[in-house]
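> The lines below spell out each chain.
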Amino acid sequence: MRFAVLEFPGSNCDHDCVYTLGTVLKQRVSLVWHEKTELPAGTDCVVVPGGFSYGDYLRCGAVARFSPIMQAVFSHARRGGLVWGICNGFQILTESHLVPGVLLRNKGLRFLCQDVHLRVEPSDTPFTGSVLPGVVLKLPIAHGEGNYFCESDTLKRLQDKRQIVFRYCAPDGALGEAFNPNGSLAHIAGVINAQGNVLGMMPHPERAAEAVLGGTDGRILFESALEALATP
Amino acid sequence: MYLAKIYVTLKPSVLDPQGVAVGAALRHMGYKEVAGLRQGKYLELRLEDKGLSVEKAKARVEQMCAKLLANTQIERYEFSLTKERRSPRP
Numbered sequence: 042m043r044f045a046v047l048e049f050p051g052s053n054c055d056h057d058c059v060y061t062l063g064t065v066l067k068q069r070v071s072l073v074w075h076e077k078t079e080l081p082a083g084t085d086c087v088v089v090p091g092g093f094s095y096g097d098y099l100r101c102g103a104v105a106r107f108s109p110i111m112q113a114v115f116s117h118a119r120r121g122g123l124v125w126g127i128c129n130g131f132q133i134l135t136e137s138h139l140v141p142g143v144l145l146r147n148k149g150l151r152f153l154c155q156d157v158h159l160r161v162e163p164s165d166t167p168f169t170g171s172v173l174p175g176v177v178l179k180l181p182i183a184h185g186e187g188n189y190f191c192e193s194d195t196l197k198r199l200q201d202k203r204q205i206v207f208r209y210c211a212p213d214g215a216l217g218e219a220f221n222p223n224g225s226l227a228h229i230a231g232v233i234n235a236q237g238n239v240l241g242m243m244p245h246p247e248r249a250a251e252a253v254l255g256g257t258d259g260r261i262l263f264e265s266a267l268e269a270l271a272t273p
Numbered sequence: 005m006y007l008a009k010i011y012v013t014l015k016p017s018v019l020d021p022q023g024v025a026v027g028a029a030l031r032h033m034g035y036k037e038v039a040g041l042r043q044g045k046y047l048e049l050r051l052e053d054k055g056l057s058v059e060k061a062k063a064r065v066e067q068m069c070a071k072l073l074a075n076t077q078i079e080r081y082e083f084s085l086t087k088e089r090r091s092p093r094p
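From first to last, the protein sequence lines stand for chains A and B.
Under my numbering, the first residue of the first sequence carries the number 42, and numbering increases by one thereafter.
Under my numbering, the first residue of the second sequence carries the number 5, and numbering increases by one thereafter.
Take these hints with a grain of salt, some might be off.
[Stated by the list, open to error] One side of the interface only, derived from the structure: several residues of chain A facing chain B at Cβ under 7 Å: (1) LYS67; (2) ARG100; (3) VAL143.
Note that these hints are calculated values from the structure, not bench results.
The C-beta atom is built at its ideal place from N, Cα and C for all residues, glycine as well.
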């Protein structure tokens with residue numbers, strides 16, 4: 042499968058994604074500079090990585106959303122191609138209106154760098170096909186603006202259409218404010234678009250794809266995407 | 005030259021943890037009358053006025069606000085537009 046990892050000025054998880062996809066999962070992967078206007082031919086999945094694109098100026102992701110490569114990403118998404126935004130990538134996707142909602146400053150105002158538990162919600166997505174709903178994953182977060190927010194009618198739509206993919210939870214899967222690190226509405230850590238091909242998530246699966254890095258739960262998501270891409 | 009003074013503020017329904025923290029700091033400093041604080045952004049935008057009417061300039065600033073300067077899901081914006089005289093001599 043062919044992956045394209047975008048690279049903006051200030052991206053800092055781009056090479057982690059390339060390493061996980063290329064070295065750990067043995068997939069074809071290219072870094073694509075944001076000034077390019079086309080994705081590599083045959084791209085199956087675009088990864089919008091974490092970091093601080095444009096120094097988080099104005100609002101996180103707001104400036105990157107207007108980078109030339111994003112037009113190609115919009116076309117790819119319209120054609121049903123997979124797009125996966127992680128951390129700052131999620132912020133860029135919300136600013137692009139590819140996924141609903143926005144990411145506000147963490148409720149406690151602090152930058153959070155820690156492991157969290159995530160409950161996989163009942164949602165039919167190519168990124169979670171190998172995981173049963175209710176399964177709890179442990180993944181790292183590293184963000185200052187991960188406090189998910191949307192209007193109440195949007196939240197209702199997300200719930201009704203099963204677009205909430207991950208929620209912050211206790212190690213046993215229970216929900217509670219004590220396990221919601223950043224104040225996210227409805228404990229939301231990841232959402233998918235209505236079409237079901239664009240995922241945004243704050244936690245970093247690419248940082249948890251090898252045991253030596255402290256966990257392999259992130260790998261399950263990459264393997265799910267590979268499986269989805271292999272089954273037309 | 006036109007000068008647009010743009011104010012971007014969070015909608016009342018959106019939590020502003022920074023504003024809450026700054027307001028709390030003022031109260032800790034002894035300003036007990038502080039009942040609330042909301043933090044926003046102020047931007048000064050200058051536009052070339054050659055061939056640009058006031059109406060057109062306002063419409064352009066409006067677009068810039070809606071497309072980039074504010075995220076209308078969580079923020080509101082307002083602006084004033086004035087024609088600037090030549091910058092004063094130093």
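> Tell me, in ascending order, the numbers of any earlier hints that this structure violates.
Hint 1 contradicted; others consistent.
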